[in-house]
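Colleague: This is what each chain is made of:
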Amino acid sequence: DTAVSQTPKYLVTQMGNDKSIKCEQNLGHDTMYWYKQDSKKFLKIMFSYNNKELIINETVPNRFSPKSPDKAHLNLHINSLELGDSAVYFCASGQGGQTQYFGPGTRLLVL
Amino acid sequence: EDQVTQSPEALRLQEGESSSLNCSYTVSGLRGLFWYRQDPGKGPEFLFTLYSAGEEKEKERLKATLTKKESFLHITAPKPEDSATYLCALIGGATNKLIFGTGTLLAVQP
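Protein sequences, first through last, are from chains A and W. All residue numbers for the first sequence refer to the numbering used here, where the first residue is 1 and numbers rise by one. All residue numbers for the second sequence refer to the numbering used here, where the first residue is 1 and numbers rise by one.
Everything labelled a hint here was simulated from the structure, so no lab data went into it. Hints are supplied without guarantee of correctness; some may be wrong.
Said to hold, decoys possible - Below, computed lysine-lysine pairings styled on BS3-like, alpha-carbon distance capped at 30 Å:
# : chain 1 : residue 1 : chain 2 : residue 2
1 : W       : K63       : A       : K44
2 : A       : K41       : W       : K63
3 : A       : K41       : W       : K69
4 : W       : K57       : W       : K69
5 : W       : K59       : W       : K69
6 : A       : K44       : W       : K59
7 : W       : K79       : W       : K42
8 : A       : K71       : A       : K22
9 : W       : K42       : A       : K22
As the list claims (entries may be wrong) - Computed far set for chain A versus chain W, every beta-carbon distance over 10 Å:
#  : residue
10 : T7
11 : T13
12 : E24
13 : K44
14 : V60
15 : N62
16 : S65
17 : P69
18 : K71
19 : E82
Said to hold, decoys possible - Derived contacts from chain A toward chain W, CB cut-off under 8 Å, selection only:
#  : residue
20 : F42
21 : G94
22 : Q100
23 : G105
Idealized CB from N, CA, C, for every residue including glycine.
The whole structure should be built from the sequences, with the hints applied where relevant.
Modeller: See the structure below:
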């Protein structure tokens, strides 16, 4: 059983388009996260949701909008995609300040 | 500001040649220090969590240790399958966000 899953795995799109990435966890955790890994492989947090409530927003452009329909799902919608949005996006889940478990990543390429 | 610095950036070892990866950190109120392994094209895979200075955790050829300023990931008699990027991260203060280092790319040659 996959603990944290993301779809799609790859996303290639044109500048200006809108796209969504979906994430699901079956670990029963209350908190889910979105991280961005840039071309230098540096991982940085973007958002965190706890029981469907946004608790961390790391000054990400408002073109990025996370949505959590329930505590097992956290989606990321990106409007008006830009070249600089190309990166790998990872979803993670955890319980409180404990270990976070990561999904396989979504590789986004904006042309 | 909480910060994590990993060294070296890259390390090449011969199979069986033991070594250590370093993670130095500054944080206000450490709540956990985490080690992850990341293979190309995959998500970070959890290895260890350390909570307080003096703590050690072991798994197969890997051992993680923690002091008040740094953590080490010791690799004993590595094998080629240990080749990966090793990431150090911490959670500090009142938030639950992981602060990552830039990782150490380990290559173990047969």
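Colleague: Does K44 of chain A lie within 30 Å of K63 of chain W when you go C-alpha to C-alpha?
Modeller: This hinted pair holds, its Cα atoms lying about 26 Å apart.
Colleague: With the threshold set at 30 Å, check whether the alpha-carbon distance from K41 of chain A to K63 of chain W stays at or below it.
Modeller: Given that 30 Å is the threshold and the Cα spacing comes to 24 Å, the pair holds.
Colleague: At 10 Å, judged by beta carbons, does T7 of chain A keep clear of chain W as stated?
Modeller: At roughly 14 Å from the nearest Cβ of chain W, T7 of chain A sits farther out than 10 Å, so the non-interface label holds.
Colleague: With a cut-off of 30 Å on the C-alpha distance, tell me whether K42 of chain W and K22 of chain A pass.
Modeller: holds, 17 Å
Colleague: Beyond 10 Å on every Cβ pair: is that true for S65 of chain A relative to chain W?
Modeller: The assertion about S65 of chain A holds, with a minimum of 19 Å to chain W.
Colleague: Under 8 Å is the threshold here; is the Cβ of G105 of chain A close enough to any Cβ of chain W for the hint to stand?
Modeller: Interface hint status for G105 of chain A: holds (5 Å vs cutoff 8 Å).
Colleague: Do the alpha carbons of K59 of chain W and K69 of chain W lie within 30 Å of each other, as the hint requires?
Modeller: holds, 23 Å
Colleague: Is K57 of chain W within 30 Å of K69 of chain W, Cα to Cα?
Modeller: Distance ~17 Å between K57 of chain W and K69 of chain W Cα, so the pair holds.
Colleague: Taking the minimum C-beta separation from K71 of chain A to chain W, is that value above 10 Å?
Modeller: Given that every Cβ of chain W is farther than 10 Å from that of K71 of chain A, nearest at about 14 Å, it holds.
Colleague: Given the hint that K44 of chain A pairs with K59 of chain W, test it: the Cα-Cα distance must not exceed 30 Å.
Modeller: Judged against 30 Å, a Cα distance of about 27 Å means the pair holds.
Colleague: Measuring Cβ to Cβ, find out whether T13 of chain A lies farther than 10 Å from everything in chain W.
Modeller: holds, 19 Å
Colleague: The hint names Q100 of chain A as touching chain W; please verify it with the least Cβ-Cβ distance against 8 Å.
Modeller: Given a least distance of 6 Å, the restraint on Q100 of chain A holds.
Hint compliance for this structure: hint 13 is the single one not met.
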